[in-house]
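Colleague: Sequence order for the protein chains is A and B. Sequential numbering from 396 applies to the first sequence in our numbering. Sequential numbering from 396 applies to the second sequence in our numbering.
No lab work stands behind these hints: they were computed from the structure.
Copies of the same chain look alike in the list, so a pair counts if it works inside one copy or between any two.
SDA-like mimics (lysine to any residue), calculated; alpha carbons at most 20 Å apart, straight line:
id : residue 1 : residue 2
1  : K411      : R597
2  : K427      : E675
3  : K708      : R428
4  : K411      : L612
5  : K411      : T607
6  : K581      : V415
7  : K581      : R417
8  : K411      : M502
9  : K411      : K581
10 : K411      : D500
11 : K481      : Y719
12 : K581      : Y593
Number of protein chains: 2
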Amino acid sequence: MEPKDNIEKKIPELRKDPIVGRWVIIATERGKRPSDFGQESNARVGGFCPFCYGNEDKTPPEVLSYRDAGTYPNSPGWWTRVVPNKFPALMIEGELNKQGEGIYDRMNGIGAHEVVIETPDHNANLANLDEKHLQEVIWAYRDRYIDLKRDPRFKYIIIFKNHGRAAGASLEHTHSQIIATPIIPKRAIEEMEGARRYYDYRDRCVFCDIITQEQMLKQRLVDENKEFISFCPFASRFPFETWIMPKKHASSIENLKKSEVVDFSGILKNTLMRIQNTLEDPPYNFIIHCSPCDSPEMPTYHWHMEIMPKLTKVAGFEWGTGFYINPTPPEDAARYLRDTELAPPVISEPEIYIPERSTSMAG
Amino acid sequence: MEPKDNIEKKIPELRKDPIVGRWVIIATERGKRPSDFGQESNARVGGFCPFCYGNEDKTPPEVLSYRDAGTYPNSPGWWTRVVPNKFPALMIEGELNKQGEGIYDRMNGIGAHEVVIETPDHNANLANLDEKHLQEVIWAYRDRYIDLKRDPRFKYIIIFKNHGRAAGASLEHTHSQIIATPIIPKRAIEEMEGARRYYDYRDRCVFCDIITQEQMLKQRLVDENKEFISFCPFASRFPFETWIMPKKHASSIENLKKSEVVDFSGILKNTLMRIQNTLEDPPYNFIIHCSPCDSPEMPTYHWHMEIMPKLTKVAGFEWGTGFYINPTPPEDAARYLRDTELAPPVISEPEIYIPERSTSMAG
Chain A
396 MEPKDNIEKK IPELRKDPIV GRWVIIATER GKRPSDFGQE SNARVGGFCP FCYGNEDKTP
456 PEVLSYRDAG TYPNSPGWWT RVVPNKFPAL MIEGELNKQG EGIYDRMNGI GAHEVVIETP
516 DHNANLANLD EKHLQEVIWA YRDRYIDLKR DPRFKYIIIF KNHGRAAGAS LEHTHSQIIA
576 TPIIPKRAIE EMEGARRYYD YRDRCVFCDI ITQEQMLKQR LVDENKEFIS FCPFASRFPF
636 ETWIMPKKHA SSIENLKKSE VVDFSGILKN TLMRIQNTLE DPPYNFIIHC SPCDSPEMPT
696 YHWHMEIMPK LTKVAGFEWG TGFYINPTPP EDAARYLRDT ELAPPVISEP EIYIPERSTS
756 MAG
Chain B
396 MEPKDNIEKK IPELRKDPIV GRWVIIATER GKRPSDFGQE SNARVGGFCP FCYGNEDKTP
456 PEVLSYRDAG TYPNSPGWWT RVVPNKFPAL MIEGELNKQG EGIYDRMNGI GAHEVVIETP
516 DHNANLANLD EKHLQEVIWA YRDRYIDLKR DPRFKYIIIF KNHGRAAGAS LEHTHSQIIA
576 TPIIPKRAIE EMEGARRYYD YRDRCVFCDI ITQEQMLKQR LVDENKEFIS FCPFASRFPF
636 ETWIMPKKHA SSIENLKKSE VVDFSGILKN TLMRIQNTLE DPPYNFIIHC SPCDSPEMPT
696 YHWHMEIMPK LTKVAGFEWG TGFYINPTPP EDAARYLRDT ELAPPVISEP EIYIPERSTS
756 MAG
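The following block holds chain A by itself, in its conformation from the complex (with noise of 0.2 Å):
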């Protein structure tokens, strides 16, 4: 046997399944060997943390920060900063090439990859920042869905998290991750194509639909304000898995107004404090699900989040058939969800944000 294969390449590929239609990112540039695996994380050396005060030039050179005024790009004094992630899945630079090969299909994988620096605090966690500075997080995923939909190579645009290493975080600091994508994936696809054919047969958007419901049985319900509800989904897959609603319909984040940047950033604090204090600060991830980035407002299709502890493994039977086993009942989970403590409400600090860790440490 000849190996042929393109293992000089560094652009990562995406490549496309031919039986179901699922792309993949075939990382090339990261290229890992068998010796590579059961390591823990390679992406932190001993004690050192690129995202702290004073190490701003150990990462790419931010696209966004919110500072203190009189401070400069890429040195202290920044509260939330945005960086374009130093490892990407995606390369930013280049013309989209599609190409076959046979009976399948391969593009070069051009895309973003942010990394969203939510505080300088290094023992910080999302859910005890205080309202003001978690808006200012909320804000800053906006604008950068805002400024990557401009690039009419981009199709999708993904806010997500990963809290904790069993959910994914390489880092720990913490931060959120922003990727933009030159198709829209699978999963988003679905959720659309579902939402549509209810939106045919009822003339009515089916989270709409959902959030109705939720409101009237208030079983599944685990906190709801003005703008916002958050449950325990009736088919959760997971777990404890809780998702976050705007009430109003809308497809995407991109139109946020004040008052709902501030309800939702209200509803994610309080959802991820229940879920922290009821299960001991679990590894979960986040991702906002918007509609593509290229289309206008959908009436079948509303954004949202779905919070997704990680308390199970998920094994060969869910692998194999997209089919989820989850032990804990939603009804039951929205119960303790709901039942837990709230440690006291953090004192709102002031609005010109104060840094804690202000000295430089850069060498």
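Since chain A is already given, all that's left is putting chain B on it; use the hints.
Modeller: Here is chain B on its own, set in the frame of chain A:
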């Protein structure tokens, strides 16, 4: 908020997500509380193993065993034994009962959940069984498949294995599982629809075309014998993902002939040993994908096995998009797997299997 939940219910429930149509098994009988997570497996007590000789009365009565002449069911003397799962995800007794609840759909959790205890040897490993013994395991899969498909309540039968704790195995003693479901899982529908679209367009089976292309290119080939091929798929989701496919078109394993069983177990053993040697016995899942069990032989669908070593963590991006990031190109993975040295072949044991441990430990 008045909780009106169904905590008392003991039968698992199937629930359908109203957006994407994904079914979930809500295992109310397990009813895990927050404090139940974080503990490792609760299915094993001390050093006791219900799958070892002498403990046959600690499992539900066997539904199949291949055993020495003159030995009795549910007693030592077997070399491969199939029993109902003591903690089944779905219940075998009852009639199907579908219900709506507003916009939601649910069904009682009727199905079969069986465990294939591949060998009485507690310390054995599927890849290290001698070839004759591994053939018996394949025959057990096929025999159970044929028996379960007679039940008109079942639409789909999945055979899978979780190897290692990180892949979801809760008992150490090597075993596989069989689940029969009253609905066709989403993943199977996607595969069948994708394969049908390809067939409609080209009048050929997509799986047969994949085999042809992999045999021609050779760069992703791992192993091949007269009846089967094993390779790392073009759009591998996971590092070292490997598929095994029969070269002769068939949509399920039910009609496997003796020569095919021999070649399937031969290539399975070879492929698992290559994975084991290259990656130091990694956790893995394998899944046999067949057409729905109530359908006739289909020209569009082709049964196969997908083996997925668990080397990376699935994080927020993958969950949110169904879009995987694979750090090892399949061409590299296949080369590592081909190049690995295989341990010397195990000397085939005599036709009549002589168990190494036959003392009764039942108390």
